[in-house]
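Peer 1: Listed below, chain by chain, are the residues.
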Amino acid sequence: MTYIPNTDDDRREMLKKIGVGKIEDLFENIPSDLRLKRPLDIPALSELELLREIKTLSSENRSGLVCFAGGGVYDHFIPSAMNTIMTRPEFMTAYTPYQPEVAQGTLQVIYEFQSHICRLTGMGVANASMYDGATAAAEAVNLSLRTTKKTKVLISQSINPLYAEVISTYLSGTDIELTVVPMKDGHTDFNRLEDMIDENTASILLSQPNFFGLLEDIKVAAEMIHKVGGKLIVNIDPIAQALLKTPSDCGADIVIGEGQPMGIPVSFGGPLLGFFAAKKELVRSMPGRIAGRTKDSQGKTGFVLTLQTREQHIRREKATSNICTNQALCATAASVYLSLLGKTGLKKVALLSAENAQKLSDRIFKIEGFEPYFKGSFVREFAVKTPKPAEEIILSLVEKRILPGIDAGRWFNGMDDCLIIAATEKRTDEEIDRLISGLKEWAMVNVLS
Amino acid sequence: MTEKILIYDKSKPGRTGYTLPKLDSSEKEVLSRIPDKFKRDKDAALPELTEGEVMRHFIALSVKNHHIDTDFYPLGSCTMKYNPKLNDAAASYRDFREHHPLAPCSSAPGMLRIMEMVSSYLGEISGFPYISLQPAAGAQGEFAGLLIMRAYHKANSEKRSKIIIPDSAHGTNPASVAAVGYETLQIKSNEKGIISPETVAAVMDDTVAGMMMTNPNTLGIFESHIKEIAEIVHAKGGLMYMDGANLNANMGIFRPGDVGFDMMHFNLHKTFSTPHGGGGPGAGAIGVAEKFEKYLPFPVLQKEPDGRLWFNYDRPDSIGRLQFFNGNFGNVVRAYAYIKTYGGEGLKKVSENAVLNANYLKEMLRDEYDLPYDNHCMHEFVLSGSRQRKLGVKTSDIAKRLLDFGVHPPTVYFPLIVPEAMMIEPTETESKETLEQFAASMNQIAEEVREKPDYVKNAPYTTVVKRLDEAGAVRNLDICCPE
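Going line by line, the protein sequences match chains P and L. In terms of the working numbering, the first sequence opens at residue 17 and continues consecutively. In terms of the working numbering, the second sequence opens at residue 140 and continues consecutively.
A few of these clues could be false.
Computed cross-link-like contacts, DSS-like style, restricted to lysine-lysine with a CA-CA straight-line distance of at most 25 Å [stated by the list, open to error]:
1) L/Lys151 / P/Lys363
2) P/Lys311 / L/Lys596
3) P/Lys363 / L/Lys149
4) L/Lys178 / P/Lys375
5) L/Lys301 / P/Lys38
6) P/Lys311 / L/Lys149
7) L/Lys298 / P/Lys334
8) P/Lys200 / L/Lys596
9) L/Lys181 / P/Lys363
10) P/Lys311 / L/Lys605
11) P/Lys416 / P/Lys456
12) P/Lys261 / L/Lys605
13) P/Lys375 / L/Lys224
14) P/Lys235 / L/Lys178
15) P/Lys33 / L/Lys488
16) L/Lys143 / P/Lys359
17) P/Lys200 / L/Lys178
18) L/Lys375 / L/Lys301
19) L/Lys533 / P/Lys311
20) L/Lys176 / P/Lys363
21) P/Lys261 / L/Lys181
Far from chain P by the CB rule (all over 10 Å, computed), these chain L residues [said to hold, decoys possible]:
22) Asp182
23) Ser258
24) Ala294
25) Ser296
26) Ile371
27) Arg394
28) Val439
29) Asp456
30) Glu507
31) Gly531
32) Glu590
33) Pro592
Treat the hints as calculated values from the structure; they're not laboratory data. Keep in mind that this is a model prediction, so the values were computed, not measured. All residues carry an ideal CB built from backbone N, CA and C; glycine is no exception.
Modelling step: build the complete structure from the supplied sequences, incorporating the hints.
Peer 2: Given below as structure tokens:
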């Protein structure tokens, strides 16, 4: 049988050593009324047939869509060198580095990943990663609750609505009061925020840029929440961050985000990479694995998993989170990406993405019936008011192999006419032309006639 | 002095590891649209290296890792089996990698079809008719299952607050219980290493929401009383959750959904061999009985009579969204390829050979090490290093000495109920020769413990670093390299 080395002879010898006649005898502890008495009904295929079948399935998708959709995951270019490193079995097929002497590769990569995240955000500490940006946000909320002992959490309406859904799920077993701070013109309404913050508020979560691509004055929120001893949690886009003031400079206590834009394919939404950074004083309450630098018995530098007494395998029900895995391989991808792009390259990716977004918006807003949904500054993503429901435009343009953006109406009542468009450095002028003419043709048929 | 081994130490201003298109306008012009108050003061201090230097850095790091493609990895409860390369090839198709998760379902019929088939295979393997591929990992599967229990009891206007957990349970079980706001009610395993129905009956009442069990349990022993236990729990209104971490022993042999469990999670990265990646990503599907279907996390994959598949988000009774998008699709494809390479009969052979290998290895180690539960084991077994401890050598020393033999040590000090525990899971992909070699190494170490204990206590000798100062790492916390 494939991947099983035991031959019939092996099995005979092994059974003899064990002292039983047949494999079946090893299952004698399972009462017969618990046994499955028929074969599992699952067909088997050879490698050739299976790859052929999966290839066929993959090509049934509307493939090669030119992607202008964002909402947390973006179609960035992945440098060729990454594939060589990411397919190394040394990274791919290793387990969690519980025995550091034989896991220095993974551990140093995680330590460097943590360091890159700190340098990007300006924060003092970062962990080895979480499942994705949304669960990182939920864990950040939990960290704010643990460290402040307060009972109320605020999230801005302008954050990614999928984050809001996940946070709500994570808090659903608790008595914590989760309240949404409404937005005004696409930005967090700071007047309302000021009214809503009270002595029981553990934290406020904002996004910079927010779900509609707009820049928020997060410093203002920092001052408000710090007055009552609460925490400011900020979600960032790691690419836009190359251009933007660090959350640390704006007063953030916890910074989280989706790390997929850093060299990880979108893969229909997973696996992704949640990154998690915080002020130094919060480190002992942080969730997830953390790699630390230390010395070996002969004074040589090495790396270990550290502060493990926070974690479930030691603390069990008193752990800071139930998370066991991190997204080590995705964190490795982000480390390689940030090492290749480096100080100047990440900024260039951000600038090229921003320039493409500017080109797009300049041209889209010249099409009759399309206008900015909100006023405000953006980096690489922006919201467009469409003459008819955005969903119709998306379905129509997908037929032309263009994914024009995402439909905000899926999550925001009364915003069916809001199309959120994102740009990356990967989009060419020709692709931008295609989107513009696609929108124009759609408008000709569906609006003007 | 700290050695210069970090990537920052190799960085030099002016070096680049990329080429990118030119801006049409200029940096100044692009930035002019962003108000100054939002702009970064100085560039992030990321390293500056050429592609060749980056390559050497990471390749040099990679070879410092132990991994399944070179050597044995008998970590108990982790199911470190060989990761077939076909699965990675399948997951790397461009149409999968580049499809945006918020693209309309109509643009992704092939991917939805794979999710549907994996769901149906997991249903066939487990006996649960409804599957969700949403959970990102096993612990998130537990979290989802417990939220479903909570939602179910709430719908019946019941206030229950406790979850029964055996003392042999994985650490994630109690941590997940705490995460949903329940309390853990820990019960003791009996002298045979399993849970007696009487123990459950003694604590089961109407404050208990349910019970979590791992079967086979972390001692590698089949919980043979599950049917009676499920009856006791159900009679008082509780629910039964199965932790599927050890499913590798069960395929084609026993289906939790047939014998009293209400729900379970799968670890696709264990049983179905998706690569562990140095600690993740995993994937932690859940299966539930029919009456819990309405509580499953959304989106839920739905099929129209014409065969069209779509994600349903409109699920009023759902426990909600668990993670960002549609689950770890990349690992779902790998699991699909794995399951279909074996087929139903092959999967049974997987479990049979996993159990055979564990029993064979146990036979070869029983003379030199204590075997607290002496019975046929399932896919793993637990030894105790108590005999060696009496000679002054700890299980952690034995683990470090094993590194010199090129093998990864077993899971140590777990389960907590066995002193100086070594939990060993060889998996079905290891050959008889590998098992014999491992046993020879273990037995040689046992002899060393008797004859030159200090030699074992100072191991390892052949690794790239020697024993690391873990206490020092906590005391002088250095988890991020300052600029």
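Peer 1: All hints are to be evaluated individually against the structure, with a verdict given for each.
Peer 2: Here's how the hints hold up against the structure:
1. L/Lys151 / P/Lys363: Distance of about 17 Å is within 25 Å: holds.
2. P/Lys311 / L/Lys596: Measuring from Cα to Cα gives roughly 18 Å; hence the hint holds.
3. P/Lys363 / L/Lys149: 20 Å, holds
4. L/Lys178 / P/Lys375: Given that 25 Å is the threshold and the Cα spacing comes to 20 Å, the pair holds.
5. L/Lys301 / P/Lys38: At roughly 42 Å apart (the allowed maximum being 25 Å), P/Lys38 and L/Lys301 break the hint.
6. P/Lys311 / L/Lys149: Between P/Lys311 and L/Lys149 the Cα gap is close to 20 Å, so the pair holds against 25 Å.
7. L/Lys298 / P/Lys334: 23 Å, holds
8. P/Lys200 / L/Lys596: It is violated: about 65 Å lies between the C-alpha atoms, which goes past 25 Å.
9. L/Lys181 / P/Lys363: 11 Å, holds
10. P/Lys311 / L/Lys605: 9 Å, holds
11. P/Lys416 / P/Lys456: 13 Å, holds
12. P/Lys261 / L/Lys605: Violated, because 42 Å separates the two Cα atoms, which is more than 25 Å.
13. P/Lys375 / L/Lys224: 43 Å, violated
14. P/Lys235 / L/Lys178: 13 Å, holds
15. P/Lys33 / L/Lys488: 20 Å, holds
16. L/Lys143 / P/Lys359: The hint holds at about 20 Å.
17. P/Lys200 / L/Lys178: Given pair P/Lys200, L/Lys178 holds - Cα atoms ~23 Å apart, limit 25 Å.
18. L/Lys375 / L/Lys301: 13 Å, holds
19. L/Lys533 / P/Lys311: 22 Å, holds
20. L/Lys176 / P/Lys363: This hinted pair holds, its Cα atoms lying about 18 Å apart.
21. P/Lys261 / L/Lys181: Given that 25 Å is the threshold and the Cα spacing comes to 9 Å, the pair holds.
22. Asp182: 5 Å, violated
23. Ser258: 12 Å, holds
24. Ala294: 14 Å, holds
25. Ser296: Holds, because the least Cβ-Cβ distance between L/Ser296 and chain P comes to about 17 Å, which exceeds 10 Å.
26. Ile371: Since the minimum Cβ distance to chain P is about 16 Å, L/Ile371 lies beyond 10 Å and the statement holds.
27. Arg394: 5 Å, violated
28. Val439: The assertion about L/Val439 holds, with a minimum of 14 Å to chain P.
29. Asp456: Non-interface label on L/Asp456 holds, nearest chain P Cβ at 12 Å vs cutoff 10 Å.
30. Glu507: 15 Å, holds
31. Gly531: About 18 Å separates L/Gly531 from the closest Cβ of chain P, which puts it past 10 Å; holds.
32. Glu590: At roughly 22 Å from the nearest Cβ of chain P, L/Glu590 sits farther out than 10 Å, so the non-interface label holds.
33. Pro592: About 17 Å separates L/Pro592 from the closest Cβ of chain P, which puts it past 10 Å; holds.
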